[in-house]
Amino acid sequence: MIPSLQDLFNILPPVIIGAGILIALTLEMFVKPAKKIIPHFAFLVFLFTAYYSLMTMDKETYSLNTLMSGGGLTNILYFIFTFGSAIVVLISYDFIRKKDIVSSEYYILLMSAVLGMMIMASAKDFLMVFLGLEQMSVCFYILAGINRRNLLSNEASLKYFLLGAFATGFIVYGIAFIYGASGSLSYLVITNAIVTGQNITFLTIGLLLFIIGFSFKIAAFPFHMWVPDVYQGAPTTVSAFMSTTGKTAAFAVLIALLLPLFTVGNYQIFGPVLSLLAALSMIYGSIVAIAQKDIKRMLAYSSIAHAGYMLIGIAAGIPAGSAGVIYYLLAYTFMNIGAFGIVAYLEGVEETNLHIEDYAGLANQKPVLAALLSLFMFALAGIPPLAGFFGKYYVFVAAIKAGLVWLALVGIVSSAISVYFYLRLVVYMYFRENSKTITVFDSSYSMLGIIIAALLVIIVGVFPNTVVELITHFIS
Amino acid sequence: MTLEIILFILFALIGAASGVLMITRKNPVMSALFLILNFAALAGVYLLLNAQFIAVVQIIVYAGAIMVLFLFVIMLLRPDAEISILRTNPLLKYVAIGVGVLVFAQLIYLIFFFKPLNITPSDVAERIQIGTVENIGTEIYTKYIIPVQVAGFLLLSATIGALVLAKKKFE
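Read top to bottom, the protein sequences are chains A and B. 2 is the number of the first residue of the first sequence in our numbering; add one for each residue after it. 147 is the number of the first residue of the second sequence in our numbering; add one for each residue after it.
No lab work stands behind these hints: they were computed from the structure. There may be inaccurate statements among the hints.
Said to hold, decoys possible - Below are the DMTMM-like pairs computed for lysine to aspartate or glutamate, each with C-alpha atoms no more than 25 Å apart in a straight line:
hint: 1; chain 1: B; residue 1: K314; chain 2: A; residue 2: E352
hint: 2; chain 1: B; residue 1: K313; chain 2: A; residue 2: D101
hint: 3; chain 1: B; residue 1: K313; chain 2: A; residue 2: D95
hint: 4; chain 1: B; residue 1: K289; chain 2: A; residue 2: E61
hint: 5; chain 1: A; residue 1: K294; chain 2: A; residue 2: D230
Said to hold, decoys possible - Quick list of the computed label-pair ranges, beta carbon to beta carbon:
hint: 6; chain 1: A; residue 1: F167; chain 2: B; residue 2: L167; range: 30 to 36 Å
hint: 7; chain 1: A; residue 1: F167; chain 2: B; residue 2: N173; range: 28 to 34 Å
hint: 8; chain 1: B; residue 1: L222; chain 2: A; residue 2: L209; range: 23 to 29 Å
From the three backbone atoms N, C-alpha and C, an ideal C-beta is built for every residue, glycine too.
Isolated chain A, as found in the complex (with noise of 0.2 Å):
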């Protein structure tokens, strides 16, 4: 059967992107002026993807026989990734020229990789999941090398490379056990095949590949080596797009593969293991974290952690903990690429300024950089009445309603452990002395950024309870 265009039109928001990234390509090579014409034009596209996937939230479709779905919960994503690229862009624009990285590809890549990111919140099958899949990661591997003359990027590449394919392996592996226990690659068939328990042994073994794999994607212990060393040595507003919108996209596939598996009795081997994955990676990330010096490193781990909190409402394994991951993944977004964009802004050009000690004294130098950047490190730390504690409080109460309650109580006292490193920046820069003023290069774009991230981590914190009623309102 072939695809008619009305199916087209019910995965409209990937084919404007993928649009996009043609239209860039082809400006690329024919337009004199493009270098300074696509980072406006990818943002362009970026706001407006965001905007008509909020407009046609509302029409719930499956497209593609089964193969993808849109709107619902699906255009609520679209719309973390397009907003949180846009603002990528916006802390991009001067950080890319301070550094002077090659400019246009650095946009189309970002944009190729949010087509990726969308293709895996809409899959509905195997086969859609690994496309995006691999259409994200690749573009993060050549993002986080895209700073050539550093080796640390260079690095950072090759590191992701390498650890993100033998991730990719256990997830194929996974993916073949699944296949070949139900003859299918469509979430309902598997579904289905699990509810009546034909082949439960592979299966099972499928998906825990299959939740081991994710693992990787996400950054939850133990498979998190990368994370430090690939965060600290790619750029960093590439860090901040991969650790808030690349965790989003991954977080996606695992809540549409296993939400219609809550009901079923045989979460229980799924239930204990994400719980397992979520504790270390709560304890481990908030613990490493204080030991850090550099800044980049020290939101690293604590990007480890907070892939724990989340994974807390995935194994609570009811619709609440789902639809309070989505909302902490919102949160989040918008919350780290803030705090990276302020790294980016106040970052030298020969990676300086990332030590803490270099932002000793800040809020005299730079005194409104240094009050958000407060307000980021407070809504990371999940202090109210900023977003990160309602994403928190929503993953915790959906612990304890599922009976988890031993989970929860790991999660505040790591919450409390990483209150020490987030506050500690702030005490640096609030209540010591500068030995030196840093150089910073001034940009009114990564200003316009932050400062919109700012507002959206005030906003959705102020009014929890409206996101996650949308939110729950499309879970069930």
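Given the coordinates of chain A, work out where chain B should sit on it, guided by the hints.
Structure of chain B alone, referenced to chain A:
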């Protein structure tokens, strides 16, 4: 004996012989060349099983693209270093033998004792139809056209990436 059986015995003998020759060669380039012969013989067996598409892919992808990659890697990395690893660590040999025995046992089990799952069509004619190039082409360019497009974007991104990372100079 029908022609089919004669051909099967021919391909099987070539496959087995090239497999043995592959693992007994001292020179890794020779091993790689015998592996190509092994792949080609395997493609012949696929053809006899009415899996034309897999046979073609076996030649194009495995015997063609992947083996060229293998040969490049062998020529770029010094193979002498690999030999010395085997000498200093004789345990590796036993691990390799163990894996070989395991795979062999698995194949014996599959061939003689395994009952196929009831998810493949029981009609033989229908099963043969699935494997033809024509059928796969029809499926790919109608039902699965969007995945093919996505795969196209994937290759496009990889090409851009290769250019970005390997290009000598940017204006």
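Identify every previously stated hint that the structure contradicts and give their numbers, smallest first. As far as the earlier hints go, only 8 is violated by this structure.
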